[in-house]
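Q: Here is how the chains run, residue by residue.
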Amino acid sequence: MSTSGGSNGWSPYLAGALVGLLAALSAAATTKVMGKTNFLGASTTFVRAAGLIEKAVVPSHVEKNEYMAKEKVRVDWQFMLVLGILLGASLASRLDGSFSWEAVPPIWKERFGPSPVVRALGAFVGGLVAMFGARLADGCPSGHGLSGLMQMSVSGFVALALFFSVGVLTAHWLYGGKPS
Amino acid sequence: MNPLILGLVTGVIFGFLLQKGRVLRFEKQLGALRLQDFTIIKFMLSSILVGMFGLLILQQAGWIALSHKPFNLGAVVIGGALFGVGWAVAGYCPGTSVGAVGEGRWHALFAIAGMLAGAALFAEAYPWLRKTVLAWKDFGKIGLPDLLGINPWWCALGLAILYLGLFVWFERRRL
Numbered sequence: 001m002s003t004s005g006g007s008n009g010w011s012p013y014l015a016g017a018l019v020g021l022l023a024a025l026s027a028a029a030t031t032k033v034m035g036k037t038n039f040l041g042a043s044t045t046f047v048r049a050a051g052l053i054e055k056a057v058v059p060s061h062v063e064k065n066e067y068m069a070k071e072k073v074r075v076d077w078q079f080m081l082v083l084g085i086l087l088g089a090s091l092a093s094r095l096d097g098s099f100s101w102e103a104v105p106p107i108w109k110e111r112f113g114p115s116p117v118v119r120a121l122g123a124f125v126g127g128l129v130a131m132f133g134a135r136l137a138d139g140c141p142s143g144h145g146l147s148g149l150m151q152m153s154v155s156g157f158v159a160l161a162l163f164f165s166v167g168v169l170t171a172h173w174l175y176g177g178k179p180s
Numbered sequence: 001m002n003p004l005i006l007g008l009v010t011g012v013i014f015g016f017l018l019q020k021g022r023v024l025r026f027e028k029q030l031g032a033l034r035l036q037d038f039t040i041i042k043f044m045l046s047s048i049l050v051g052m053f054g055l056l057i058l059q060q061a062g063w064i065a066l067s068h069k070p071f072n073l074g075a076v077v078i079g080g081a082l083f084g085v086g087w088a089v090a091g092y093c094p095g096t097s098v099g100a101v102g103e104g105r106w107h108a109l110f111a112i113a114g115m116l117a118g119a120a121l122f123a124e125a126y127p128w129l130r131k132t133v134l135a136w137k138d139f140g141k142i143g144l145p146d147l148l149g150i151n152p153w154w155c156a157l158g159l160a161i162l163y164l165g166l167f168v169w170f171e172r173r174r175l
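Read top to bottom, the protein sequences are chains V and U. If you count by my numbering, then the first sequence holds residues 1 to 180, one letter each, in order. If you count by my numbering, then the second sequence holds residues 1 to 175, one letter each, in order.
In case anyone wonders, no lab produced these hints; they're calculated from the structure. One or more hints might be untrue.
[As the list claims (entries may be wrong)] If you only want the chain V side, here are some residues facing chain U, beta carbon under 8 Å, derived: (1) Val82; (2) Phe124; (3) Val125.
Quick reminder that beta carbons are idealized off the backbone N, C-alpha and C, glycines included.
Produce the entire structure from the sequences given, and follow the hints as far as they go.
A: Given below as structure tokens:
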């Protein structure tokens, strides 16, 4: 097995299998606690967070928005899950010494130069397009990819196939086909 | 237990495992999309394999209810394609962007800002999308076993063989 995961990383098979176990336990726990099965996901939280920010600036605008009303702008279970991801990743990286401040990733630097501003712009525009797409498709690689395929949902298979195939084409166009 | 605490605890474990699997990194994301590093693909398929049987057992025991996302053709295809473009440019998906900030890759903050803007923009476009793309063709909340007309256990078994076959192939090719 390759050691590209870094000296202290776990095998992706092991870490992944534990996430599978977590997903099942979480489905059971949410059903017990909330009376309704909730599955791991992330992107709806971005709608709620955007709604909370807009609410602080122009409250009436959020109230009038049909989609915000549908998704309910509030801090809920998934919102805390997403915050938890940040804390858990921070904890793991501090414990094994893999935490490091990074403004521009090396392969981005090699292709687009060392400017943090250019990287910030790329991240922003990419993030914007990705989230618009995730909301239209009704899920991201967590909601559609993991939770969808775990449930054998038809929409999950189609969404994940498109995420990857178009992602591969775009990455090829951006970085070329040559191995780095 | 308070649902918010349950969410936080689940998220901390999820984030911990994402970080230990090393799938939060920009290099891993682009490595997967450039077909050079299969860490993320191994991680995802392994979690799907275990989770699939876990959820199936719980559902068959009557402990949980499955909740398929609707297969709205235009929305999933166009949305999925847009996501693919944005994912390759940003180098993060929504869950990993947050985790990446946790391990110090602070440029992911700009991806998060873009995602918040994308979510807000989608909310503005929703009334129009609901009448157009979202109204084209909705196959509803369907699972693969229903579509194929087979028992879910056979379907899971078939998929498990496929995933395990891919693992063997990855390791033989040293991907």
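Q: Take the hints in turn and mark each one as holding or not.
A: Here is what the structure says about each hint:
1. Val82: holds, 6 Å
2. Phe124: holds, 4 Å
3. Val125: holds, 6 Å
When held up to the earlier numbered hints, the structure conflicts with none and fits them all.
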